[in-house]
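K.L.:
Note that the protein sequences, when read in sequence, are chains A and B.
Terminal number for the first sequence in the working numbering: 122, no gaps in between.
Terminal number for the second sequence in the working numbering: 187, no gaps in between.
Derived from the structure by calculation, the hints contain no laboratory data.
This list has only true hints and no planted wrong ones.
Sample of chain A residues at the chain B side, in silico, Cβ under 7 Å:
no., residue
1, 107
2, 108
3, 112
4, 113
5, 114
6, 115
Have a look at the derived ranges for each label pair, beta carbon to beta carbon:
no., chain 1, residue 1, chain 2, residue 2, range
7, A, 55, B, 149, 25 to 33 Å
8, B, 83, A, 20, 27 to 35 Å
9, A, 40, B, 123, 23 to 31 Å
What you are looking at is a predicted structure, and each value in this text was computed from that prediction instead of being measured.
For glycine and all other residues, C-beta sits at the position ideal for the given N, C-alpha and C.
One-letter residues, chain by chain:
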Amino acid sequence: GQNIDQPTEMTATEGAIVQINCTYQTSGFNGLFWYQQHAGEAPTFLSYNVLDGLEEKGRFSSFLSRSKGYSYLLLKELQMKDSASYLCAVNRGNRDDKIIFGKGTRLHILP
Amino acid sequence: DVKVTQSSRYLVKRTGEKVFLECVQDMDHENMFWYRQDPGLGLRLIYFSYDVKMKEKGDIPEGYSVSREKKERFSLILESASTNQTSMYLCASSPRDRAYNSPLHFGNGTRLTVT
Chain A
12 GQNIDQPTEM TATEGAIVQI NCTYQTSGFN GLFWYQQHAG EAPTFLSYNV
62 LDGLEEKGRF SSFLSRSKGY SYLLLKELQM KDSASYLCAV NRGNRDDKII
112 FGKGTRLHIL P
Chain B
73 DVKVTQSSRY LVKRTGEKVF LECVQDMDHE NMFWYRQDPG LGLRLIYFSY
123 DVKMKEKGDI PEGYSVSREK KERFSLILES ASTNQTSMYL CASSPRDRAY
173 NSPLHFGNGT RLTVT
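Using the sequences and the hints given, assemble the complete structure.
P.N.:
Right, here's the structure in full:
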């Protein structure tokens with residue numbers, strides 16, 4: 012079957028670092044996306060990985076290991092505005108309808 | 073910036089009503105999608121369209137239909153609304169000719185309550 016797992020909720024402190032993990036088992040793999048979604052708003056794109064390794068973009072980094080079916084999103088220097096849900100999504104093929112989403116991780120930032 | 077606009081943020085409808093959810097994008101994207109988002113289930117694809125007049129079923133099409141008469145507009149139709157269709161509905165779009173890492177662009181969602 013197709014499965015994407017990520018923790019339901021996490022809590023971290025302002026200024027700290029947090030790592031949100033995502034594991035996947037899919038029939039195909041053509042890239043992994045991370046989206047951020049604030050409550051009541053649209054998901055917005057954060058990062059994309061298709062090759063193994065780390066992609067860094069400012070305070071956010073995303074890592075992929077295709078052999079392990081594993082990715083993580085690393086958020087540094089946490090700010091209160093980072094309180095949101097983070098969605099892991101895998102494209103199983105070469106069309107956008109092949110994208111499947113994890114259930115999302117709700118991140119709470121404490122002052 | 074790509075803008076995907078959903079006509080209503082909140083809707084309350086009665087069981088059995090026919091419901092129309094409208095989505096418009098302003099970036100000339102060929103691909104458009106309708107998802108529903110439920111707690112504990114994540115985003116699930118209902119229908120999608122890769123061209124005008126074209127539509128394909130996603131993972132959970134039962135109880136829904138769609139219309140794509142113009143490139144910029146993709147409508148989701150609930151033929152006879154039921155309480156289990158109470159959900160957040162998200163529209164998304166993407167270009168046909170795109171870089172491999174080009175993301176989906178989402179609207180802000182329509183929260184539909186069926187009573």
